[in-house]
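Asker: Sequence:
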Amino acid sequence: MLLDQSTAVAWSVVCLVATIVLYDGYRLFRTKEEINSLGALDSGGYAWQSDSSREIMRNGTSLVTLGIMVALPWPFVESSGTPVIAVLLYDILLGIHCLWLMMTKRYAISRTHLFADGFQYPWESLRWDDWNGGNRIVLQRKGWWIFAPMPIGGALIDLEQVAARIEALQSDEWHLFVNESEE
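Take the sequence shown: its position 162, counted from the start at 1, is 162 in this note's numbering, and no numbers get skipped.
I should point out that these hints are in silico values taken from the structure, not numbers from a laboratory. Check before you lean on any hint, since a few could be wrong.
Stated by the list, open to error - What follows is a list of derived Cβ distance ranges for each label pair:
1. S6 <-> I92: 38 to 44 Å
2. V77 <-> L22: 20 to 26 Å
3. N132 <-> E78: 48 to 54 Å
4. D42 <-> S80: 55 to 61 Å
5. S171 <-> P75: 49 to 55 Å
6. W128 <-> L88: 39 to 45 Å
7. D129 <-> I68: 23 to 29 Å
8. G143 <-> I68: 23 to 29 Å
9. L88 <-> R111: 31 to 37 Å
10. M102 <-> S6: 31 to 37 Å
11. F119 <-> V84: 33 to 39 Å
12. I92 <-> G133: 25 to 31 Å
13. T112 <-> N132: 24 to 30 Å
Even for Gly, the Cβ is constructed at its ideal location relative to N, Cα and C.
Please put together the full structure from these sequences, using the hints given.
Answerer: Structure follows, in structure tokens:
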């Protein structure tokens, strides 16, 4: 049985979104194993945990975008011949992704990497402008201009620790945070 073009495209999109959502979920649930202690680390790094309310503030624009993505296909379902079940599954998957965005998360910063959302980002791939306080720090992914911001959430006291370490990376003063027994 051959699928018509709109059905094939719809199911391809559902499969792609399912793969992304399931992989992101897997990475997020592994974070507690990968970042198993919180606070200052002997190597100079720092690990912290945010709560759901801070994650909602951190990911507010992404949540709004996902809401639009949930609603957008519905006016075109009938005219495009897209199977309703495919659009429903697409919406359910995006809803699950919204839950991932609002989940409590663990973060860590080391001399070489930022650990956020279950992934590692080398500092060479991130750009730091500055942080003037507030409920999140926003880094930019190099080469993506404004299209891929990397917001980092957490309590003010944690974000102050993180900002100090990022500044130390920029000014080559990371050694100030290293525990003497590690040197």
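Asker: Work down the list of hints and note, for each, if the structure agrees.
Answerer: Status of each hint after checking the structure:
1. S6 <-> I92: 38 to 44 Å: For S6 and I92 the Cβ distance comes to about 20 Å; the hint is violated.
2. V77 <-> L22: 20 to 26 Å: holds, 24 Å
3. N132 <-> E78: 48 to 54 Å: With Cβ atoms ~49 Å apart, the hint holds.
4. D42 <-> S80: 55 to 61 Å: holds, 57 Å
5. S171 <-> P75: 49 to 55 Å: Because 53 Å falls inside the window, the suggested range holds.
6. W128 <-> L88: 39 to 45 Å: 42 Å Cβ-Cβ, so the 39 to 45 Å window holds.
7. D129 <-> I68: 23 to 29 Å: Because 27 Å falls inside the window, the suggested range holds.
8. G143 <-> I68: 23 to 29 Å: holds, 26 Å
9. L88 <-> R111: 31 to 37 Å: violated, 46 Å
10. M102 <-> S6: 31 to 37 Å: holds, 32 Å
11. F119 <-> V84: 33 to 39 Å: holds, 34 Å
12. I92 <-> G133: 25 to 31 Å: violated, 38 Å
13. T112 <-> N132: 24 to 30 Å: holds, 26 Å
Hint check: violations occur at hints 1, 9 and 12; the rest are consistent with the structure.
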